[in-house]
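Engineer: Chain residues, written in single-letter form:
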Amino acid sequence: MSHVKKSNFKQIKKGIWESPKKGNMRVPLRIFATEKLFGEIEEGAVEQQKNVATLPGIQSASLGMPDMHWGYGFSIGGVAAFDEKENGIVSPGGVGFDINCGVRLIRTNLKSSELKPKMKELLDKLFELVPAGVGGKGKIRLSRDELGEMFGKGAEYAVARGYGWKQDLKCTEENGKMENSDSAKVSDKAFTRGMPQAGTLGSGNHFVEVQRVEEIFDEETAEKFGLFKGQAVVMLHSGSRGAGHQIATDYISVMLKAMEKYKISVPDKQLACAPISSEEGQDYIKAMNCGTNYAFANRQAMTHWIREGFERVLGRKAEDMEMSVVYDICHNVAKFEKHTVDGKEKEVLVHRKGATRAMPAGRKENPDLYITTGHPALIPGSMGTPSYVLVGTETGLKESFASVCHGAGRVMSRHAAMKLKRGEQVKKELEAKGEVIKGASYAGLAEEMPEAYKDIDEVIKSVELSGIGRKITKHVPLAVMKG
Amino acid sequence: MEKFVFLEHTADAKFQAFGEAIEECFENSALALNSIEADLESVKPMHKKEIHAQGETQEELLHRFLEEMHFAMETEQMLFSKFEVKINGNSVSAEAWGEPIDTAKHEIKSHVKAITWNSFFLKKEKKKWVAQVVCDT
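As you go down the protein sequences, you meet chains V and G in turn.
Positions 164 to 646 (this note's numbering) are the ones given, in order, by the first sequence.
Positions 412 to 548 (this note's numbering) are the ones given, in order, by the second sequence.
The following block holds chain V by itself, in its conformation from the complex:
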């Protein structure tokens, strides 16, 4: 895969690279990256984000986050906002198959050193309690009606069934529930896939990781987030499983037909879309919100089992260990938000596909708890590499529709990774670094090896250089459970 053609871009501000509109592009393309990282971006990913710039009603610019890489339709790490009043569209491919793939961070009042002697036992217990892996069946058996309720109520439904604490909802984006949902817009197939998989982790890059807070960059904000140096915390990365994948699959088909009706043509079928105001567009938004709610509920249920694992291994109550949720945030979703475009305030539908919302202090999207700091934007590293907590800035609000990266971003295909090293070797290397690791399959470990990803530190440097976010803490992995 060839790298970006730098001559097509101009650095318009520090860390912001622009390719002017050309051909059918309605807006320019802007990428947020250090010079080093920018040079490593694949031309295929750039082309995909240029395709996004051709979609009706796109506002300001088609955006690429620093971790952007080659995907399908939108690039992974792609952000775009559309205005309904200018025939703006909604695209399932701009959200991705894994609707509300996202991250949750759970704190403790424990020092990582207190956990160390028990780490292997803890990981084994988490593996036993949190259902994971390919086809991993859930522990929550849902009837069709119950799943319908979960699609509507999200994390609230999980809490009502006894999974986790009521206060967890206040520290979840949207309180763990998107309001504009309708399970009548979700197909039977999505129900069939969703029923046995509720509360499961899934495979691929999804994980539960015990981490140590290694560095604090802003003491005051970190304290408000309940984070301190040397602390043991747990990060959970998962999504909407088969239910979300099926909702996306179904609506891409719907959109392919709708495009003929609304006379929209796209350069890649995966960008299939319909006007926000159309029946097809509205139906997808309601179904997508069901997928979003399902994923919130999944992470809520897994939070319960993570707490249970800690309780059983350490012999203390989760409440005593102050295992509250720091935050829970999506990085594959489309949301209506107010933004200023060309000096005018508008309501736009922001698609973030592999990008994390980072609303600065003062914005109403923040929960009360974080209104003076801005909510934590959780950025998971790849397996074996650091993770970060960031916050949004006024610059980000202006330049990136309040979005930052979502992780490290792949540089190597899963197949290439598996050819390079075997899972057993990856496990040995990580264990030599002092990490404990457990995966559902060795092949799964191989495809997620650290070498398959960009350098997360350089990704975070890009966020800071362009000013779209600010780092608060850096965490290193101690134990990883991979689906």
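Because the hints were derived from the structure by calculation, they are not lab data.
There's no promise every hint is true.
As the list claims (entries may be wrong) - The calculated lysine-lysine pairs, modelled on DSBU-like cross-linking and capped at a C-alpha distance of 35 Å, are:
{"id": "1", "chain 1": "V", "residue 1": "K173", "chain 2": "V", "residue 2": "K624"}
{"id": "2", "chain 1": "V", "residue 1": "K582", "chain 2": "G", "residue 2": "K414"}
{"id": "3", "chain 1": "V", "residue 1": "K352", "chain 2": "G", "residue 2": "K537"}
{"id": "4", "chain 1": "V", "residue 1": "K601", "chain 2": "G", "residue 2": "K455"}
{"id": "5", "chain 1": "G", "residue 1": "K535", "chain 2": "V", "residue 2": "K352"}
{"id": "6", "chain 1": "G", "residue 1": "K493", "chain 2": "V", "residue 2": "K601"}
{"id": "7", "chain 1": "G", "residue 1": "K455", "chain 2": "V", "residue 2": "K352"}
{"id": "8", "chain 1": "V", "residue 1": "K561", "chain 2": "V", "residue 2": "K509"}
{"id": "9", "chain 1": "G", "residue 1": "K535", "chain 2": "V", "residue 2": "K426"}
{"id": "10", "chain 1": "G", "residue 1": "K493", "chain 2": "V", "residue 2": "K352"}
{"id": "11", "chain 1": "V", "residue 1": "K184", "chain 2": "V", "residue 2": "K501"}
{"id": "12", "chain 1": "V", "residue 1": "K582", "chain 2": "G", "residue 2": "K493"}
{"id": "13", "chain 1": "V", "residue 1": "K352", "chain 2": "G", "residue 2": "K497"}
{"id": "14", "chain 1": "G", "residue 1": "K455", "chain 2": "V", "residue 2": "K302"}
{"id": "15", "chain 1": "V", "residue 1": "K591", "chain 2": "G", "residue 2": "K455"}
{"id": "16", "chain 1": "V", "residue 1": "K624", "chain 2": "V", "residue 2": "K591"}
{"id": "17", "chain 1": "G", "residue 1": "K460", "chain 2": "V", "residue 2": "K449"}
{"id": "18", "chain 1": "V", "residue 1": "K584", "chain 2": "G", "residue 2": "K516"}
{"id": "19", "chain 1": "G", "residue 1": "K497", "chain 2": "V", "residue 2": "K424"}
{"id": "20", "chain 1": "V", "residue 1": "K624", "chain 2": "V", "residue 2": "K509"}
{"id": "21", "chain 1": "G", "residue 1": "K455", "chain 2": "V", "residue 2": "K584"}
{"id": "22", "chain 1": "V", "residue 1": "K591", "chain 2": "V", "residue 2": "K199"}
{"id": "23", "chain 1": "V", "residue 1": "K634", "chain 2": "V", "residue 2": "K176"}
{"id": "24", "chain 1": "G", "residue 1": "K414", "chain 2": "V", "residue 2": "K302"}
Since chain V is already given, all that's left is putting chain G on it; use the hints.
Structural biologist: For chain G alone, coordinates are given in the frame of chain V:
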């Protein structure tokens, strides 16, 4: 003739499948899809599952067929290694032969989330049919 080949794709699994007849190209596409998830040498064709799909064009027919195949794999927790495809106008009827996933027996490589439309095609080149598919994994 090769049945299928995997191509480089950073995020996902991309393959091309071939066939002298369009039916054979469908069968080899199904074989490639299953081989993303596991090494098929260990999958014995013990149980039969019928797969049906419709599409307005041949390309759409293949896409729907693979979607139905993937749905059967996930919801029945099966892997398939042998196929017999019949195409009649806008419809495809297939028999897929395989067995339930058993992690003690099958080495699971990865899990397919969905069949994407990115770079998707089905076309006839001189003497053979070629399908190109990118799966989200």
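Engineer: Look at each hint and say if it fits the structure.
Structural biologist: Outcome of the hint check:
{"no.": "1", "hint": "K173(V) x K624(V)", "result": "holds (19 Å)"}
{"no.": "2", "hint": "K582(V) x K414(G)", "result": "holds (20 Å)"}
{"no.": "3", "hint": "K352(V) x K537(G)", "result": "violated (38 Å)"}
{"no.": "4", "hint": "K601(V) x K455(G)", "result": "holds (29 Å)"}
{"no.": "5", "hint": "K535(G) x K352(V)", "result": "holds (32 Å)"}
{"no.": "6", "hint": "K493(G) x K601(V)", "result": "holds (33 Å)"}
{"no.": "7", "hint": "K455(G) x K352(V)", "result": "holds (27 Å)"}
{"no.": "8", "hint": "K561(V) x K509(V)", "result": "holds (13 Å)"}
{"no.": "9", "hint": "K535(G) x K426(V)", "result": "holds (29 Å)"}
{"no.": "10", "hint": "K493(G) x K352(V)", "result": "holds (24 Å)"}
{"no.": "11", "hint": "K184(V) x K501(V)", "result": "holds (25 Å)"}
{"no.": "12", "hint": "K582(V) x K493(G)", "result": "holds (26 Å)"}
{"no.": "13", "hint": "K352(V) x K497(G)", "result": "holds (24 Å)"}
{"no.": "14", "hint": "K455(G) x K302(V)", "result": "holds (29 Å)"}
{"no.": "15", "hint": "K591(V) x K455(G)", "result": "holds (33 Å)"}
{"no.": "16", "hint": "K624(V) x K591(V)", "result": "holds (29 Å)"}
{"no.": "17", "hint": "K460(G) x K449(V)", "result": "holds (33 Å)"}
{"no.": "18", "hint": "K584(V) x K516(G)", "result": "holds (22 Å)"}
{"no.": "19", "hint": "K497(G) x K424(V)", "result": "holds (32 Å)"}
{"no.": "20", "hint": "K624(V) x K509(V)", "result": "holds (30 Å)"}
{"no.": "21", "hint": "K455(G) x K584(V)", "result": "holds (28 Å)"}
{"no.": "22", "hint": "K591(V) x K199(V)", "result": "holds (30 Å)"}
{"no.": "23", "hint": "K634(V) x K176(V)", "result": "holds (20 Å)"}
{"no.": "24", "hint": "K414(G) x K302(V)", "result": "violated (39 Å)"}
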